[in-house]
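Undergrad: Given chain Y, work out where chains S and L should sit, using these hints.
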Amino acid sequence: MSEALLIDDVTVAFGSLRAVDGLTLRIEYGAVRAIIGPNGAGKTTLLDVITGKTRATSGRVVLDRTTDLTRLGEAAISLAGVGRKFQKPSVFEALTLRQNLALALRSPARGALAEMLHRPGRDELDRIERVLEIIGMAGSGEKLAGILSHGQKQWLEIGMLLMREPRVLLLDEPVAGMSDEETSRTVELVLALRAPDRAVVVIEHDMDFVERIADLVTVLDQGRLLVEGGMSAVKSDPRVVDVYLGR
Amino acid sequence: MMGWRRRLAAGALFLLTLAATPVLADDRALSELLAPLCAGASAERVAAVDRLLDAVETGAAEPAWALRALEAVGGRRLVCAEGGVFITSGTGVIDAVTSAPGLADAVKAQGAFVDLRLRPYLDMGSAVLRLLASPGGPASGAALGELQKRAKIVPPGLIERAAAEPANAALAPGLRDVMAVAALNDPDPALRIAAIGRLAEAPSERNRTLLRDLSGDAALTSDPVVAAALADGITRIERWLTLGQVAASVYSGLSYASILFVAALGLAVIFGLMGVINLAQGELIMIGAYATFLVQEALKSVLPGLVDYYLLLAIPFAFAASGAVGIAMEVTVIRHLYRRPLMTLLATWAISLLLINLVRVTFGTQNLQFNVPPFLNGGTHVFADFIVTWNRLFAIGFALAVLAAALVVLRRTSLGMYIRAVTENRDMAGCVGVSARRIDLTAFGIGSGLAGVAGLALSPIYTVNPAMGVNFIVDAFMVVVLGGVGSIAGTAAAALGVGMINVTIEPMFGAVAAKVIVLLLIIVFIQFRPEGLFAVKGRR
Amino acid sequence: MSGLDDVLIGPRRPAPRRGTAPMVAAVLALLGVGVLAAGAGGAGPSAYVLNLIGQIATFGMLAVALDLIWGFAGVLSLGHGLFFAIGGYLVAMHMVKVTFLATGTPPDFMLFMGWDRLPFYYAGLESFAYTSVLVVVVAGLAAFAIGYTAFRSRVAGVYFAIITQAFVYVAMLLMFRNDTGFGGNNGMTGFTEILGQPLADRRTVAWLSGASILAAALTLGGSALLTGSRFGHMLIAIRDDEARLRFLGHDTLWIKLTVWCLSAVLAAIAGMLYVPQVGIINPRVLAPDLSIEIAVWVAIGGRGTLTGAFLGAVLVSALKFLLTAVAPDLWPFILSGLVLVVVVLLPNGLLDIRAVLASRQRRGTP
Chain Y
1 MSEALLIDDV TVAFGSLRAV DGLTLRIEYG AVRAIIGPNG AGKTTLLDVI TGKTRATSGR
61 VVLDRTTDLT RLGEAAISLA GVGRKFQKPS VFEALTLRQN LALALRSPAR GALAEMLHRP
121 GRDELDRIER VLEIIGMAGS GEKLAGILSH GQKQWLEIGM LLMREPRVLL LDEPVAGMSD
181 EETSRTVELV LALRAPDRAV VVIEHDMDFV ERIADLVTVL DQGRLLVEGG MSAVKSDPRV
241 VDVYLGR
Chain S
1 MMGWRRRLAA GALFLLTLAA TPVLADDRAL SELLAPLCAG ASAERVAAVD RLLDAVETGA
61 AEPAWALRAL EAVGGRRLVC AEGGVFITSG TGVIDAVTSA PGLADAVKAQ GAFVDLRLRP
121 YLDMGSAVLR LLASPGGPAS GAALGELQKR AKIVPPGLIE RAAAEPANAA LAPGLRDVMA
181 VAALNDPDPA LRIAAIGRLA EAPSERNRTL LRDLSGDAAL TSDPVVAAAL ADGITRIERW
241 LTLGQVAASV YSGLSYASIL FVAALGLAVI FGLMGVINLA QGELIMIGAY ATFLVQEALK
301 SVLPGLVDYY LLLAIPFAFA ASGAVGIAME VTVIRHLYRR PLMTLLATWA ISLLLINLVR
361 VTFGTQNLQF NVPPFLNGGT HVFADFIVTW NRLFAIGFAL AVLAAALVVL RRTSLGMYIR
421 AVTENRDMAG CVGVSARRID LTAFGIGSGL AGVAGLALSP IYTVNPAMGV NFIVDAFMVV
481 VLGGVGSIAG TAAAALGVGM INVTIEPMFG AVAAKVIVLL LIIVFIQFRP EGLFAVKGRR
Chain L
1 MSGLDDVLIG PRRPAPRRGT APMVAAVLAL LGVGVLAAGA GGAGPSAYVL NLIGQIATFG
61 MLAVALDLIW GFAGVLSLGH GLFFAIGGYL VAMHMVKVTF LATGTPPDFM LFMGWDRLPF
121 YYAGLESFAY TSVLVVVVAG LAAFAIGYTA FRSRVAGVYF AIITQAFVYV AMLLMFRNDT
181 GFGGNNGMTG FTEILGQPLA DRRTVAWLSG ASILAAALTL GGSALLTGSR FGHMLIAIRD
241 DEARLRFLGH DTLWIKLTVW CLSAVLAAIA GMLYVPQVGI INPRVLAPDL SIEIAVWVAI
301 GGRGTLTGAF LGAVLVSALK FLLTAVAPDL WPFILSGLVL VVVVLLPNGL LDIRAVLASR
361 QRRGTP
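Residue numbers (my numbering), protein chains in the order written: chain Y, 1 to 247; chain S, 1 to 540; chain L, 1 to 366.
Just chain Y, with the same shape it has in the complex (with noise of 0.2 Å):
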């Protein structure tokens, strides 16, 4: 397997408070990395970082051995091949689906004329109903994202991401607030999304859901690494027991 992102040595602070403290990790193509942690362990601070919305305070984050991402800004990174599903979800509501994923699909050459001008072609379509069909939607990609359910709205972004086909997926706590049975249908959408030329990253809380989906699981705690591995020798890793259940 080969490296998709090395986390090298990031630091960030906020005045006295260290969110992310000199930590290193490498993800790798072809795998579902879960990380976890207990509140403030510097989670989702670790993805505002790679994808640009916090800057580090040093270190460097590199896509593909050769991408120094903290060089550059949300709208860039985004472009290099990373994709980020907020932690709440995040769809325009005043849209369509369709209109959704279409906004999701970005040629950085296009400006505002080319824009404005533009008119979907058949691969674009194509494209669309595919990732509408994926997410479970198809049939209702003229609904307005508005109207969607908690769910329905999870899925329906995870599909935006989709549409960029990224090289590095990050899903910040995809199953929170969701029924068991919507969090079922998560973990069959997350497990389909493991490609040999994808890595997918995702934070969350559910223990029940990182160990259906995680090939691998990285344990933070006050913004640095922990402990590394798979899941059931994480889960009997006395440091872990002692981080989640208090000392």
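Hints in this document: simulated from the structure, not taken from any laboratory.
Treat each hint with caution, since some may be false.
As the list claims (entries may be wrong) - To give a feel for the contact side, a few chain L residues facing chain Y, derived at Cβ under 10 Å:
hint : residue
1    : Leu-225
2    : Ser-229
3    : Phe-231
4    : His-233
5    : Ile-236
6    : Arg-244
7    : Phe-247
8    : His-250
9    : Thr-252
10   : Leu-253
11   : Ile-255
12   : Thr-258
Computed from a prediction, not measured in an experiment: that's the story for all the values here.
Heads up, the beta-carbon is just placed ideally off N, CA and C, and yes, glycines get one too.
TA: Positioned in the frame of chain Y, the structure of chains S and L alone reads:
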């Protein structure tokens, strides 16, 4: 005009001749002193005033007696007639020399007209004699003021004697200043240099002008020592004057910043808490000012004895009036708009329009007349031309009190804790049992009340009319944008910054340019710190 | 009331309404042609009525320009009077220059300053074409400067609205100065002709009025096309969740800047059409209140529908014309009352009346 020294010599000679004559001749001498004052060419009468003053200086005449005579000349009541010089009054006639009752038929007579040339001599003479006749008396302050106008025409010996009177101790520095001004033209260079030094010690625009006028006089500055002393004196005065101007600017900047702070604080609290910019804040300020006015009027008719304290007594009323309007706004309108902050802009604008027009219809558009209470009138002279005026000091002190009160409420009370909790995380605060809605209402009331109090604080300084809010609202916005969301320290610092920049730029480029530059500076500033001066750093 | 709030704004934002704007644009275009014909033929309504219609049309155009950025991209400007004034002042300068070339004397406000010729920035303004280009360029550049500095540092929402308000306020203070060559306090007036046509002539009045209506029709139709395009979807996406769009790889700064500058240029063109019709421009057009009123038109008519903004402007300004003539003291009360009722009860403007009535009927309240 004769120099006073020459006149002094002449007077001394004159008195010397008199000294040989017996007591009765004394009366005659006094009478001869007065006689030329009765009538004649103004030059002669001026000379007569000089001689009278000289007589007082040598001790030949009493100051009170001479004063009575000069006042009589001024009031056209000094009459020369057969048998002596008399002073008439509404009730009778007395002999000007002996004070004995005089000829009854002189009552109807009137003294000669006092022309503009003679008038200053009478005034100056009366002033210095008053200081000698009743030192420290009730009129002595006014007398000093009179002397400052044209002290040159009074013999310095008299002023010196007045200054030496223990009862005039409070006026002594002023009198010595007067003497210095008079001595500037003294032919003796040593005296002149001393006078220049004396004036340079009391820097003011007037003294600078005096010295500058002097330096233009080639005859007086031909002596290089005098010229050097003059140049040195002017430099010293100018240094102090510049310092005084800086101090005055800082002071007026501080007072403007204080008003801005009080006006913006309510805005900042409300914005921090609810994300609502209250465009009617300026009108809440206006309502506070009108409430203050109403309290003043009510006191006038009910408790006139307390009118002087209306500014303090009106504080709760101004706070309550604006607070009540604010609460009414919150309950009827703002409450429905929390999720649509942009709509609150339009809604609060509509409310401001409504309030302006309601007040306009009720009270009219004219400026309100405020009685400035005596303790806010005037100020104290610090140095150079820098005067600390009480009304601005009131505004500064008021703002400090509001700052202290706000800090105490926000940091030390449970209400403050709730407000901070809701500002930080509305949903979480709701989860732990804080009623966000109630906190919103309370904070909106307090924020509005603060605007009312700001209206009170600025009523002694600025004009109060229905449209006054507009003048403050844009500056207050700038303070909020600059200071960052909901931070009292940020609001204070930003108010100080905006106030100071305004007063620094205004004298150089004018008020409009000051506004433009402040706005541009804020835009530039936002490029580097979009969240304002004192925003809490952290994850959002 | 909060139940109603949930129904109307809740988590569900209004769906983009389609269809009405192109239709209204077509009707407007017909009206414009009619007004032109009335001018050429010498028949039809009086010059006063034609002039009034023309003025109101420019307000409608201004409102549509604001709706583009507020109703769609969610960026509220409380300073659009600035761009309206740029167009107005430039065309006024053009007419002053033309009069100066014809008579050889500068306008009164310059004679008053002791100037015997026009300042250098009047150079070339006798050309109408150059003036038109300048209107677009100056308004576009001003908008770009404001928009770039604000959007780049992610100033948005209430902050942005306040800053635009400050800009228009400062511009007003600047224009109040008498030494700037723009007429100061009293502004510029006494225009005589435009494009060689005497302004007092009924034919010119009809011509200007028709041009304004056609410009409004073009703006409305063009904006409808624009907002229906993929670019329009991007604007709505920015309004709903700008961060999401950015993380999808769109550089939202340039999307916002494009529509912001477009909106400013449209506002400037509206101002350029307005001033020859009203015959005067002074700094009061830059008053912060007036800029807020533009937003009020849009809010009353309904945001994000183009038609709503246009009709809101027409309704409110027609009402204003009527009432300021009949009962000037009453107008502020009516305006503020109207705003409060719409803002609190009809979040999406007058177009909401049907939805509100329906919801009340459902709940069985009168």
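Undergrad: Holds or violated: the hint that L/Ile-236 contacts chain Y, with Cβ atoms closer than 10 Å.
TA: The hint holds - L/Ile-236 has a Cβ within 10 Å of chain Y, the shortest such distance being about 5 Å.
Undergrad: Hey, does the L/His-233 contact hint survive, CB to chain Y under 10 Å?
TA: holds (5 Å)
Undergrad: Would the hint on L/Leu-253 be counted as holding, given a Cβ-Cβ threshold of 10 Å to chain Y?
TA: The hint holds - L/Leu-253 has a Cβ within 10 Å of chain Y, the shortest such distance being about 9 Å.
Undergrad: A closest beta-carbon separation below 10 Å is what the hint needs, so does L/Phe-231 meet it against chain Y?
TA: holds (4 Å)
Undergrad: Taking the closest Cβ pair, is L/Leu-225 under 10 Å from chain Y?
TA: OK, holds: L/Leu-225 within 10 Å of chain Y, min 8 Å.
Undergrad: For the hint on L/Thr-258, just tell me whether its beta-carbon gets within less than 10 Å of chain Y.
TA: This interface hint holds because 4 Å falls under the 10 Å limit.
Undergrad: Does L/Phe-247 pass the interface check with chain Y, least Cβ-Cβ distance below 10 Å?
TA: It holds, given that the least Cβ distance between L/Phe-247 and chain Y is near 5 Å, below 10 Å.
Undergrad: For the hint on L/His-250, just tell me whether its beta-carbon gets within less than 10 Å of chain Y.
TA: holds (6 Å)
Undergrad: Tell me if the interface restraint on L/Arg-244 is satisfied: Cβ within less than 10 Å of some Cβ in chain Y.
TA: holds (4 Å)
Undergrad: Against chain Y, with CB atoms and a cut of 10 Å, does the hint on L/Ile-255 hold up?
TA: holds (7 Å)
Undergrad: Have a go at the L/Ser-229 hint: is there a Cβ in chain Y nearer than 10 Å to its own Cβ?
TA: Because about 5 Å separates L/Ser-229 from the closest Cβ in chain Y, which is inside the 10 Å limit, the hint holds.
Undergrad: Do the numbers back the hint for L/Thr-252, that is, is its least Cβ distance to chain Y under 10 Å?
TA: Because about 8 Å separates L/Thr-252 from the closest Cβ in chain Y, which is inside the 10 Å limit, the hint holds.
The structure agrees with every numbered hint stated previously.
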